[in-house]
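These protein sequence lines are chains A and B, in that order. Be aware that the first sequence starts at 1, since it is given in our numbering, and climbs by one per residue. Be aware that the second sequence starts at 1, since it is given in our numbering, and climbs by one per residue.
These aren't lab readings, by the way, just hints derived from the structure by calculation. It is possible that part of the hints are untrue.
No copy labels: a pair is met if it fits in one copy or bridges any two.
What the hints assert, rightly or not - The list that follows gives simulated cross-link-like pairs (lysine to aspartate or glutamate, EDC-like), each with its CA atoms no further than 20 Å apart:
no.: 1; residue 1: K207; residue 2: D152
no.: 2; residue 1: K176; residue 2: E206
no.: 3; residue 1: K191; residue 2: D100
no.: 4; residue 1: K176; residue 2: E27
no.: 5; residue 1: K176; residue 2: E150
no.: 6; residue 1: K191; residue 2: D152
no.: 7; residue 1: K176; residue 2: E106
no.: 8; residue 1: K176; residue 2: D72
no.: 9; residue 1: K191; residue 2: E173
Protein chains: 2
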Amino acid sequence: MTSNDGGAAPTAELLTATIELGDALRELIEASVTTTAATAEVAAAAELVRAATARISAGSPRQASQLPRLDDPAEGLRVFNPVTGVAHPLAPPLVVRQEDGGVVAEVTLGLAYEGPPTFVHGGMSALFMDQMLGSAAGAAGLWGMTAHLELDYRGPLPLQQTLQLRARVESHEGRKAFITGTIALAADPEKILVEARGLFVMPRPEKQAAYFGTVTDATGRHAPPRRPGDATALQQG
Amino acid sequence: MTSNDGGAAPTAELLTATIELGDALRELIEASVTTTAATAEVAAAAELVRAATARISAGSPRQASQLPRLDDPAEGLRVFNPVTGVAHPLAPPLVVRQEDGGVVAEVTLGLAYEGPPTFVHGGMSALFMDQMLGSAAGAAGLWGMTAHLELDYRGPLPLQQTLQLRARVESHEGRKAFITGTIALAADPEKILVEARGLFVMPRPEKQAAYFGTVTDATGRHAPPRRPGDATALQQG
């Protein structure tokens, strides 16, 4: 069942439990930045969190060069992507689907993503746009790593209102892809609040070997990602 | 002790417990994306997390328009900033200090910040640079909101190695500040891996009123932030 520290086999039950832990953590993160509870309650919560960590820390953690046991590089499934990963506590997550020759996602952000009071942190918009541009590349059958990213902020993004994120490949040639994206309120999608432009470049074969030559899957098999920056959790529209 | 849902008074004990919860959550997040534990252990961890959420969810959570009880807008202290906040589970946190006419921070990122296998997510670099540019503005006595952000990625940032982030205000005129920043390995600080340029703009008074007119502190007192994008957790160098 286990080999080379990969841990428990990637069953449907393990995936369910892993997603449940991600969901529970998202809820606790939001509670932790908004709570008005007394000191003793906050301290008790911290103790429960330490106990949870102990429960899942018995074996060796996976190393950075080892893909998670639940990932399927052949399918582009990455459950722990920090923006789109269904099991990643930092990810809202963005659920990205193909539509209108590009990709689109709707998301409502809580106070965990706050920058200026009541608004989304400007850097969060950049994080999400980078991922959307990468997802657009993946949806177009391309992949690459960010070489240039540029954003214009026309207005602040409110927390707790549904946002619509879009991205599409404008052109590509050889190893380069030019990709654009936008963020608007879902209720007012024509009024663009954030605009992004990116150049994504697929590394040359020798760079790919240097960057990913040691990457293995959870069983220890050599598994250089075919599309390292690809469209995680992409839903076929 | 409480008023208008602000919750428990901002004592040193509350700050300690809140930071401890943030630290514990950071550790659990990293464990959750690297664990090789069995399904039952992952499920048990999720249950403990749900219990922790229940412990701190008794009262009303603060609203988006209400600053956290532990924040001190007059001092620019924001404990829940998602990049620099000492108590924010999503923040590594970056500990930003003033140095050489700008700001600098060192950070080592775990697998929670992973994009392509073994490397930092490109969008995370953008998130951190946006915050560093804002911190540089704050350190220079300025503040503003991101109007334009632009990044060149010259090489991927490895996980689990100490990175050095720098930013400085290049020029400012009226409500505008031009700010640049870099990321390099702390062990090789001259070799710039990510380069950022940003334009930060202080909103006009009427915009400030529109954006922040309803913001109150934890006691319900009107408290429009003087520097909404300011240098959280800035250490005087």
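Hint-by-hint comparison with the structure:
1. Proximity of K207 to D152 under the C-alpha cut-off of 20 Å is restricted to the inter-copy arrangement: shortest distance 18 Å between copies versus 31 Å within a copy.
2. For the homomeric pair K176 and E206, the shortest alpha-carbon distance inside one copy (16 Å) is at most 20 Å, but the shortest distance between copies (43 Å) is not.
3. For the identical chains of this complex, K191 and D100 are intra-copy neighbours only, at 18 Å inside a copy versus 41 Å across copies, given an alpha-carbon limit of 20 Å.
4. Within a single copy, K176 and E27 get their C-alpha atoms no closer than 39 Å, and across copies no closer than 38 Å, so neither meets the 20 Å cut-off.
5. Taking CA atoms no more than 20 Å apart as the test, K176 paired with E150 passes in both settings, with 16 Å inside one copy and 18 Å between copies.
6. Taking identical chains as interchangeable, the C-alpha atoms of K191 and D152 lie at most 20 Å apart only when both belong to the same chain, with a minimum of 13 Å there against 28 Å between chains.
7. In this homomeric assembly, K176 and E106 never come within 20 Å of each other (Cα to Cα): the closest approach is 27 Å inside a single copy and 32 Å across copies.
8. When the C-alpha separation of K176 and D72 is checked against a cutoff of 20 Å, the pair qualifies neither within a copy, at 25 Å, nor between copies, at 46 Å.
9. In the homo-oligomer, the alpha carbons of K191 and E173 never lie at most 20 Å apart, since the shortest distance is 31 Å inside one protomer and 29 Å across protomers.
In the structure shown, a violation is registered for the earlier hints numbered 4, 7, 8 and 9, in ascending order.
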